[in-house]
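Asker: Got chain A; can you put chain B on it based on the hints?
Chain by chain, the residues:
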Amino acid sequence: METFLWGVLPYVVALILVGGLIWRYRYDQFGWTTRSSQLYESRLLKIASPMFHFALLAVFMGHVVGLLIPKAFTDWIGLDQHTYHVGAFWGGGLAGIALVVGLALLIYRRRTQTAVFRATTVNDKVMYLVLALAVGLGMVATLTGDKTASGEEHNYRETVSIWFRSLFTLQPNVEAMGHATWQFQAHIVIALLLIAMIPFTRLVHAFSAPLHYLFRPYIVYRSRDTDLRQSATRRGRGWDPIGTRDNEKSRR
Amino acid sequence: MAKQRRVMAQVAMVMNLDKCIGCHTCSVTCKQAWTNRAGIEYVWFNNVETRPGQGYPRTYEDQDKWQGGWVRTKSGRLTLRSGGRFKKLLSIFASPVQPGMEDYYEPWTYDYENLITAPLGDDFPVARPKSLVTGENMAIGASANWDDSLGGVAATEAGDPILKKLRDEANQQIKLEYEKSFMFFVPRICEHCLNPSCMASCPSGAIYKRSEDGIVLVDQDKCRGWRQCITGCPYKKIYFNHRTGKAEKCHFCYPRIEAGIPTVCSETCVGRLRYLGIILYDPDQVTAAALADDKDLYQAQLDLMLDPADPQVIADARRSGIPSDWLDAAAKSPVYALIKHFKVALPLHPEYRTMPMVWYIPPLSPVVDLLKEQGHDAEAGGNLFGAIDALRIPLEYLAELLTAGDVEVVREVLQKLAAMRSYMRDVTLGRPRQEDLPAAVGMTGQAMEQMYRLLAIAKYSERYVIPTAHREQAHHLEEIGCSVNFDDDPSAQGVFGESSGRPVPVAVESFAAAKARREEAARG
Numbered sequence: 001m002e003t004f005l006w007g008v009l010p011y012v013v014a015l016i017l018v019g020g021l022i023w024r025y026r027y028d029q030f031g032w033t034t035r036s037s038q039l040y041e042s043r044l045l046k047i048a049s050p051m052f053h054f055a056l057l058a059v060f061m062g063h064v065v066g067l068l069i070p071k072a073f074t075d076w077i078g079l080d081q082h083t084y085h086v087g088a089f090w091g092g093g094l095a096g097i098a099l100v101v102g103l104a105l106l107i108y109r110r111r112t113q114t115a116v117f118r119a120t121t122v123n124d125k126v127m128y129l130v131l132a133l134a135v136g137l138g139m140v141a142t143l144t145g146d147k148t149a150s151g152e153e154h155n156y157r158e159t160v161s162i163w164f165r166s167l168f169t170l171q172p173n174v175e176a177m178g179h180a181t182w183q184f185q186a187h188i189v190i191a192l193l194l195i196a197m198i199p200f201t202r203l204v205h206a207f208s209a210p211l212h213y214l215f216r217p218y219i220v221y222r223s224r225d226t227d228l229r230q231s232a233t234r235r236g237r238g239w240d241p242i243g244t245r246d247n248e249k250s251r252r
Numbered sequence: 001m002a003k004q005r006r007v008m009a010q011v012a013m014v015m016n017l018d019k020c021i022g023c024h025t026c027s028v029t030c031k032q033a034w035t036n037r038a039g040i041e042y043v044w045f046n047n048v049e050t051r052p053g054q055g056y057p058r059t060y061e062d063q064d065k066w067q068g069g070w071v072r073t074k075s076g077r078l079t080l081r082s083g084g085r086f087k088k089l090l091s092i093f094a095s096p097v098q099p100g101m102e103d104y105y106e107p108w109t110y111d112y113e114n115l116i117t118a119p120l121g122d123d124f125p126v127a128r129p130k131s132l133v134t135g136e137n138m139a140i141g142a143s144a145n146w147d148d149s150l151g152g153v154a155a156t157e158a159g160d161p162i163l164k165k166l167r168d169e170a171n172q173q174i175k176l177e178y179e180k181s182f183m184f185f186v187p188r189i190c191e192h193c194l195n196p197s198c199m200a201s202c203p204s205g206a207i208y209k210r211s212e213d214g215i216v217l218v219d220q221d222k223c224r225g226w227r228q229c230i231t232g233c234p235y236k237k238i239y240f241n242h243r244t245g246k247a248e249k250c251h252f253c254y255p256r257i258e259a260g261i262p263t264v265c266s267e268t269c270v271g272r273l274r275y276l277g278i279i280l281y282d283p284d285q286v287t288a289a290a291l292a293d294d295k296d297l298y299q300a301q302l303d304l305m306l307d308p309a310d311p312q313v314i315a316d317a318r319r320s321g322i323p324s325d326w327l328d329a330a331a332k333s334p335v336y337a338l339i340k341h342f343k344v345a346l347p348l349h350p351e352y353r354t355m356p357m358v359w360y361i362p363p364l365s366p367v368v369d370l371l372k373e374q375g376h377d378a379e380a381g382g383n384l385f386g387a388i389d390a391l392r393i394p395l396e397y398l399a400e401l402l403t404a405g406d407v408e409v410v411r412e413v414l415q416k417l418a419a420m421r422s423y424m425r426d427v428t429l430g431r432p433r434q435e436d437l438p439a440a441v442g443m444t445g446q447a448m449e450q451m452y453r454l455l456a457i458a459k460y461s462e463r464y465v466i467p468t469a470h471r472e473q474a475h476h477l478e479e480i481g482c483s484v485n486f487d488d489d490p491s492a493q494g495v496f497g498e499s500s501g502r503p504v505p506v507a508v509e510s511f512a513a514a515k516a517r518r519e520e521a522a523r524g
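If you read the sequences in order, they're chains A and B. In this text, residue positions in the first sequence follow the working numbering: the first is 1, and each later residue adds one. In this text, residue positions in the second sequence follow the working numbering: the first is 1, and each later residue adds one.
I should point out that these hints are in silico values taken from the structure, not numbers from a laboratory. We put the CB at the ideal spot given by N, CA and C, even for glycine. Be a bit skeptical, because a hint or two may be false.
[To be verified] Pulled from the structure, derived: some chain A residues nowhere near chain B, Cβ distances all over 12 angstroms:
#1 Leu9
#2 Ala14
#3 Val18
#4 Gly31
#5 His63
#6 Asp75
#7 Ile77
#8 Gly91
#9 Leu167
#10 Gln171
[To be verified] Simulated restraints, written as ranges between beta carbons of each label pair:
#11 B:Asp284 - A:Val189: 54 to 64 angstroms
#12 A:Met61 - B:Ala154: 48 to 58 angstroms
#13 B:Gly321 - A:Val189: 53 to 63 angstroms
#14 A:Arg26 - B:Phe86: 25 to 35 angstroms
#15 B:Asp64 - A:Asn155: 34 to 44 angstroms
#16 B:Phe86 - A:Ile77: 27 to 37 angstroms
#17 B:Glu113 - A:Thr144: 38 to 48 angstroms
So here's chain A without its partners, still in its complex pose:
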């Protein structure tokens, strides 16, 4: 079981992510969008969405630091474990709180604003559940994951991080992960599930972060398509006829 969770699953997830992204890029560009609901409701969104997204970026950076920088390095530059832990705990904790509050506001908005709720698909609901679980378990791990059940000190940088880096050498250190507390283990399983879901949900918009906007010319000229190119998006998506019943269709 441990071999599967920590030795096989990460690679399966990576395959699904990469394969899924390629598939979506090739065959569902038309569906590749943020599906913004700002048109329906703006007041709550203007607070909740930036809060969530900026907190997410901070949390992501925290993960990069925590997972990729070996403990040996911070020891070498003279950053002792206590200082590091305090920094990570407060920095990560605050970003985490902002993330949880932002997400809670977004979900609250989605549920209470009729127009937004009606534009919510089953796909969205499942995604929100997994996302909330991943974020929630991450907070639990940050707050309580530093002690094992028997009361021993647990440092994720000596378990999770070592396992994570070992993934890239294709020799997963299953044992290291096995020593992590259940909070971290649960967080990682759900996070893997979330990552696998990205290509198939609206989360895919993260992969089209428009950084090239900073460099492109303002005015874009393009020649009329001579090859009469057609969108590769075929089934299931496209323009729907008008009428309230379509809302039902989207919720199926």
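Answerer: Chain B alone, transformed into the frame defined by chain A:
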């Protein structure tokens, strides 16, 4: 040697506001053709606004609020009013100034089913309005033309950004009754600007200008729904499809234009007030022109348009790859004639610096109507000229709309129209021509007659001079192989006028042909 001038072609439109009766046929046929889909129920690629009025979405002209278009910085550069690239990216998670559904209107349908399924009772069953967004019962409180023909003007006129500005400037209360004395309609579509700020705002680079005909389109596959374009467009003519999560806009009926037939809104216009044609311009001069002072923008945009009869322009255009049939069309362009030759058409809000390509001939009718009501001879030249000078408010209003506040330009145009009206009345009635009338507006009697012909009796083929898409692809376009020859206007020779005669190919056929050749391409 100087760098060779590039020349590009642009499909442009002119609307003669004097002829608009506000029937909304253009809006309805456009909606039937393009926006009768889920997610854009609230969207009108073409809408007709009553002026004075708030417009659609309401108060969209108030750029302090909606942040559309370009501004000139102190250092003399052009920048988006809503902010530079970094600011746009930082505010991407929630667009700071996007109009909400309430600024357009909540679309609705009626519960017609209740009319036949309601149980027998004492009361008549009614079809209650149901929101197309939430599906719930709703009270209708707004629509795209809620203040049509000044309806409810007492409640809505305070929201007209132009009136507000004029009031602030005059520092006085303009009386409502006085405002009621003038009213006109403004049909609006996407301006297909030469310097589009929607395009500049798009983080994904999904909006593009076609290099062949200048039509501005949204690549539905590349749009990622960041909705910055909606803020960027000062005319608010880019819309968010809330079902697909993509931006959509008026595409100048490009499948029709490619086949050489006019847009749906032009084709169905009851007043025949729309003109379509080609403009040649130098794309490398656009930014410089957009940097002119507010009141010079009209002239700067005129200067941008190249004379299609100039041999040097023709040579440069050929070198830039513009086919000869397009050059022929440019030479016959009614749009060029109205904009630059007769100088009677004006751009909508040039101060947004987007270099719009749908121009308007300001209406003389409000002045004429007022004179008539006061019992004057409304078509006598002297009376008209006097009235144009006396009617400060309509003139200033039109100037805010069409010339960034330059009243003189509007006055000149209206005087030309007035002179034409007066001069041609004498011609029609067989009275001696008053050659001082055209002379007073710097024209000759012959030019006056030409302008009259173009404005009053131009036939289908004179109003719409649209070359078909490039010859290399001509075999794809079925209208070429079609038996109906479009080069000579079937109605021109007909004794029964334009609406009779041989059947006219419709866009459905173009669509079928487009579909067929796509399928062919997919197979091949």
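Asker: Each hint should be assessed against the structure and marked as holding or not.
Answerer: Hint-by-hint comparison with the structure:
1. Leu9: holds, 30 angstroms
2. Ala14: The claim holds: Ala14 (chain A) sits with its nearest Cβ about 24 angstroms from chain B, beyond 12 angstroms.
3. Val18: holds, 20 angstroms
4. Gly31: violated, 8 angstroms
5. His63: holds, 19 angstroms
6. Asp75: Non-interface label stands for Asp75 (chain A): nearest chain B Cβ at 36 angstroms, farther than 12 angstroms.
7. Ile77: holds, 31 angstroms
8. Gly91: Given that every Cβ of chain B is farther than 12 angstroms from that of Gly91 (chain A), nearest at about 21 angstroms, it holds.
9. Leu167: Non-interface label on Leu167 (chain A) holds, nearest chain B Cβ at 30 angstroms vs cutoff 12 angstroms.
10. Gln171: Fine: 38 angstroms to the nearest Cβ keeps Gln171 (chain A) off the interface.
11. B:Asp284 - A:Val189: 54 to 64 angstroms: For Val189 (chain A) against Asp284 (chain B), whose Cβ atoms are near 58 angstroms apart, the range 54 to 64 angstroms holds.
12. A:Met61 - B:Ala154: 48 to 58 angstroms: holds, 56 angstroms
13. B:Gly321 - A:Val189: 53 to 63 angstroms: holds, 59 angstroms
14. A:Arg26 - B:Phe86: 25 to 35 angstroms: At roughly 32 angstroms between Cβ atoms, Phe86 (chain B) and Arg26 (chain A) fall inside 25 to 35 angstroms, so the hint holds.
15. B:Asp64 - A:Asn155: 34 to 44 angstroms: Given about 55 angstroms between the Cβ atoms, the range is violated.
16. B:Phe86 - A:Ile77: 27 to 37 angstroms: holds, 32 angstroms
17. B:Glu113 - A:Thr144: 38 to 48 angstroms: violated, 56 angstroms
The structure fails to meet hints 4, 15, 17 from the earlier list, while all remaining hints are met.
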